[in-house]
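Enquirer: Throw the hints in and build the complete structure from the sequences for me.
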Amino acid sequence: MERAKAQKVLNPKSVWLPVVIGISIVVFLAYRDDQFSGRSLQLFSDFRVAFLLFVFFLLLIKDGLNAFRIRLLSHGQLNGLSAIRIVLLWEFAIAVTPPVIGAAAVLVFIVYKEGQPLGKALVYTLLLAILDNLFFLTASPLAIGLSNGAVFPILKEAPAYFESGVSRVFWLSYTSIAFYTFFMLSALLFFPETVKKILTYLMTIRVLRRWKEPVIQQSEELVLASKVLRGQSPAYWVKLLAATYAIWIFKFALINAWVSGFNQVSVNDQLLMLGRHLTMWVVMLVSPSPGNAGTAEFIFPVFYEDFAGKYTFISGLLWRLTTYYPYLIAGVLLIPKWWKK
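For reference, each letter of the sequence shown is one residue, going 0 to 340 in this note's numbering.
Worth flagging that the hints you see were computed from the coordinates, not collected in a lab. Quick caveat: nothing in here was measured; it's all calculated off a predicted structure. Ideal Cβ positions, reconstructed from N, Cα and C, are used throughout, including at glycine. Heads up, a few of these hints could be off.
Unchecked claim - Cβ-Cβ distance ranges computed for the label pairs, FRET-style:
1) Gln-231 to Ser-44: 46 to 56 angstroms
2) Ser-44 to Leu-228: 46 to 56 angstroms
3) Leu-270 to Tyr-200: 43 to 53 angstroms
Expert: So, in structure tokens, the structure goes:
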């Protein structure tokens with residue numbers, strides 16, 4: 000990724016657009032809600048403090064596991080501090096980039112600037128994307144099957160086509176993830192030599208020749224990294240997959256924690272809420288807004304009003320305040336020093 004493009008994303012000024020969008024949608028939802036009043040915000044006093052501690056515990060464990068996963072990927076070549084920086088900058092990039100575009104290219108640049116060769120940075124990024132996608136590809140059918148389709152919300156006042164639309168968007172995203180994951184697995188683990196030959200051939204085209212040297216170098220590093228990865232023990236892959244599953248479960252459990260802090264929620268509903276978050280996340284992959292700003296706030300009541308009841312608005316607000324805005328703040332504080340370094 001060119002430095003200029005990375006600077007455009009990893010820039011403290013890039014927080015303003017998602018912040019404005021998010022606040023605007025929150026104000027719109029509050030204005031549209033006939034039951035909203037000053038008393039709605041005072042409902043926070045009903046929240047049980049023990050769950051607030053649980054929320055921060057989940058956040059720390061989630062990001063800690065993500066840093067551990069990055070260290071494991073690099074075979075310890077990235078130290079703990081570098082791994083934490085990568086996690087925070089990656090989360091910032093996700094928060095200011097539309098999901099339909101993704102922040103993968105920015106992550107490659109971040110890992111590269113943390114001292115890893117460009118080819119390895121590319122491999123780590125591809126493998127992280129593959130691991131995350133494998134979680135969704137395996138967990139989604141499981142959640143749908145065990146819930147008999149209840150992970151798709153039933154909207155009392157919405158037209159039937161809207162409900163079926165949620166399901167269609169989900170399966171469209173799911174299919175896209177499946178194709179992307181298969182292609183990445185092929186490039187990284189199964190047929191890296193073929194990918195190298197294709198890239199080498201493409202670089203013979205006149206308009207692409209200016210990038211021939213770096214692309215050939217990256218493709219060679221891709222082949223070398225692929226050989227290293229294919230030589231790993233089963234325990235290595237089990238650790239990576241276990242860490243990936245735990246990261247996403249802890250991330251999804253944050254909504255459970257906020258809602259449970261207000262309402263008593265049964266074990267079955269807790270599991271259903273995790274499934275709802277899974278389908279909601281996949282649906283939001285097609286959002287054009289940076290970091291799902293506005294989209295997440297708008298869609299939250301659709302998936303969680305059944306569980307949160309009168310606490311839906313405040314639960315959604317607190318969820319975003321603790322899972323989105325902290326990474327914007329962390330990025331604003333970290334990025335200037337990181338660029339100077």
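Enquirer: Now, for every hint given, state plainly whether the structure supports it.
Expert: So, going through the hints one by one against the coordinates:
1. Gln-231 to Ser-44: 46 to 56 angstroms: 51 angstroms, holds
2. Ser-44 to Leu-228: 46 to 56 angstroms: For Leu-228 against Ser-44, whose Cβ atoms are near 52 angstroms apart, the range 46 to 56 angstroms holds.
3. Leu-270 to Tyr-200: 43 to 53 angstroms: The hinted range 43 to 53 angstroms holds for Leu-270 and Tyr-200, with Cβ atoms some 50 angstroms apart.
The structure shown violates none of the earlier numbered hints.
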